[in-house]
Amino acid sequence: MDNNTIVRITERRIDLAELYDFLCLSEGGAVNLFVGTTRKMTEMRETVRLSYEAAPDLAMAKMKALVGEAFSRWPILRAVCVHRVGEVPVTEASVILGVATAHRGVSFEATRFMIDELKRTVPVWKKELYADGDSEWVEGTTPA
Amino acid sequence: MRIHLRYYALVREELNRDEDELDLAEGSTVSDLVEDLGSRYPLIKPHLSYSRIASSDAYLIDDDRLVEDEHYSVIPPVSGG
Chain A
0 MDNNTIVRIT ERRIDLAELY DFLCLSEGGA VNLFVGTTRK MTEMRETVRL
50 SYEAAPDLAM AKMKALVGEA FSRWPILRAV CVHRVGEVPV TEASVILGVA
100 TAHRGVSFEA TRFMIDELKR TVPVWKKELY ADGDSEWVEG TTPA
Chain B
0 MRIHLRYYAL VREELNRDED ELDLAEGSTV SDLVEDLGSR YPLIKPHLSY
50 SRIASSDAYL IDDDRLVEDE HYSVIPPVSG G
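Protein chains in written order, with numbering that gives the first Met the number 0: chain A, 0 to 143; chain B, 0 to 80.
The shape of chain A in the complex, shown without the other chains (with noise of 0.2 Å):
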């Protein structure tokens, strides 16, 4: 697997073209990346930046898991799984994760699973700051 993977958590702005270059297969005929990003609005407060933190070696092992996990239940041929920490400001991204798969059903299924796992496993925090300069953190998951 790990030749096909990448997993990374990044402080800096994450390199889409990257991820998708390494997602770009002969034997692929599906590319499939969830992007997920920081909103503006949010129950009419605007955020002005979403700031990140990670407990770094557990975020690793979990973010590897659930992708060694795609890898075991999807015929995958390539997957990514990056997650950026420290401030994300709005439109910018905080995670990119995705798979390379030869038939576009599997892909939307893996890429599902992996963010869905993302969220509920991995220790990451975020911690919005609004327009009004109020800050606080995003109500989370109890991590399995």
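Treat the hints as calculated values from the structure; they're not laboratory data. Positions of the beta carbon are idealized from the N, C-alpha and C atoms, including for glycine. Don't take every hint at face value.
Stated by the list, open to error - Lysine-lysine pairs mimicking DSS-like chemistry, simulated, CA-CA at most 27 Å apart:
hint	chain 1	residue 1	chain 2	residue 2
1	A	K118	A	K63
2	B	K44	A	K63
3	A	K63	A	K126
4	A	K126	A	K39
5	A	K118	A	K39
6	B	K44	A	K126
Claimed, not checked - Just so you have them, the derived chain A footprint on chain B, three or more residues with Cβ under 8 Å:
hint	segment
7	1-8
8	23-36
9	41-47
10	70-76
Put chain B on the given structure of chain A with help from the hints.
Only chain B this time, still in chain A's reference frame:
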């Protein structure tokens, strides 16, 4: 026995620290640690019910025994992605 703890996110902010060292009884479990933390730091006690204790690569369960000099983390409810 002494263990090392790391705190994150809301818990880190409320305690105003990201690292800690605790001396616990020999044979202490995760459950013992959580109870100790709740007594030691009442401010974070409400969060502990929803948090997990983790090693460097796994979430632990209540009955897991802690190891002398090992590093653990308090993982509050997560909100990645």
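Hints and how they fare:
As the CA atoms of K118 of chain A and K63 of chain A are separated by approximately 14 Å, the hinted pair is consistent with the 27 Å bound. Between the alpha carbons of K44 of chain B and K63 of chain A the distance comes to roughly 31 Å, so the proposed pair goes past 27 Å and is violated. As the CA atoms of K63 of chain A and K126 of chain A are separated by approximately 24 Å, the hinted pair is consistent with the 27 Å bound. Between K126 of chain A and K39 of chain A, the direct Cα distance comes to roughly 14 Å. Compliance with the 27 Å bound is thereby established for this hinted pair.
Under the criterion of a C-alpha separation no larger than 27 Å, the hint pairing K118 of chain A with K39 of chain A is consistent with the structure, at around 20 Å. Using a Cα cut-off of 27 Å, the hinted pair K44 of chain B and K126 of chain A holds, with the two alpha carbons roughly 21 Å apart. Coverage of a stretch by a chain is defined here by at least three residues with a beta carbon nearer than 8 Å to that chain's beta carbons; for the segment 1-8 of chain B and chain A the count is 3, and the condition holds. Coverage of the segment 23-36 of chain B by chain A is violated. Counting CB-CB distances below 8 Å, 0 residues qualify, and the rule asks for three or more.
With 0 residues having a beta carbon nearer than 8 Å to a beta carbon of chain A, the segment 41-47 of chain B misses the requirement of three or more and the stated coverage is violated. For the segment 70-76 of chain B, the stated coverage by chain A holds: 4 residues have a C-beta nearer than 8 Å to a C-beta of that chain, and at least 3 were required.
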